[in-house]
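Enquirer: Sequence:
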Amino acid sequence: MNSETGRDEDGARRWDHPSEHLRRSRIGALIARGRYDDASAALGVCWPEQTLPRQLRAALARGAPERITAFLEEFRSTPSPHFAIPAADLGIPHRPGLAELVLLLSVDAGNAGVEDGLETVVELAGSHMLDLAIGRVTGTEQAPNSLASARARAVALGEPLLGDALGRGMKRATLTLWADHGNPMIEMLAAGGRAIGDQILGPLSERGEEALTLRRTLRAYLATGGRANPTVRELGIHRNTLRHRLERIEALTECSLSSADDRAELWMALRLVTDADPRPADPEPAAGESARAASPRR
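Residue numbers for the sequence shown follow numbering that gives the first Met the number 0, beginning at 0 and rising by one.
Please note that a few of the clues may not be correct.
Stated by the list, open to error - The calculated label-pair distances, taken between Cβ atoms and stated as ranges, are:
no., residue 1, residue 2, range
1, E122, D260, 41 to 51 Å
2, I195, G96, 21 to 31 Å
3, E140, A227, 41 to 51 Å
4, R206, E122, 31 to 41 Å
5, P95, G43, 38 to 48 Å
6, T240, G43, 52 to 62 Å
7, G43, E249, 53 to 63 Å
8, G125, G235, 18 to 28 Å
9, E246, L97, 21 to 31 Å
10, P78, A227, 47 to 57 Å
Hints listed in this document are in silico derivations from the structure and should not be mistaken for laboratory results.
Note that the structure is predicted; figures quoted are calculated from it, not measured.
Every residue gets a Cβ at the ideal spot worked out from N, C-alpha and C, and that includes glycine.
All chains, full assembly: derive it from the sequences and hints.
Expert: Here it is in structure tokens:
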């Protein structure tokens, strides 16, 4: 085999070669961004015998970086109609201490063993201690909508443990959540953008360390119904630390956490900021874009 091109001596592409994984990841990224025609053209260049699936589910896999790496190696070890893309390649914000993958899972009804195939992916993720949020079924042209529903559902996976909780080795069982049982109204609002969420949260919507810590605190507090004990256990902090953070949140947002209306508004704002449409603002694709996707850099 030619180690640089990833082809056998007869010229056939090797599925398990790193360059092929990179090509497939780039094609998946085109699908996830709604660039169906570019993805189809690139797939035809790389694997003329294949076509894009008619329907798919996007999924978000989340876990420790080394577990994501091990999962990805096994996920790619055999040919499949699925795609795996590093979440960062789609502009999904990095979460400290975690790695995330976007999976595009074919669910074409005409394929034998479709349900078994999804079950295999779920079991594989569980065996590597990864959480999964699985989006709704859409046509492949609407893949960004499936990804948006997966990201919206991923909010229920929770945030990484903070502070002393990490030192104590706290952990929980892995989760697999399906957007079919999620919140379509929130997804619809989130798909429209995050501007209103930014306005409500004010300084809490920024990307600095303090804003991130306060958002996590607010999310945990609201998700536990405003109960202090479950919140401090989730975050691994002292009650006094929680109290000071909540006071800071009220000061920055000019909202009262004792008001049901304000709590509801803050919760929706958190969802909008977290779940806004993940597609980055790409420029119009130049000629030859699909060819570049099919040809990884040397």
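Enquirer: Mind listing which of the numbered hints don't hold for this structure, in increasing order?
Expert: Going through the list in order, the structure violates no hint and respects every one.
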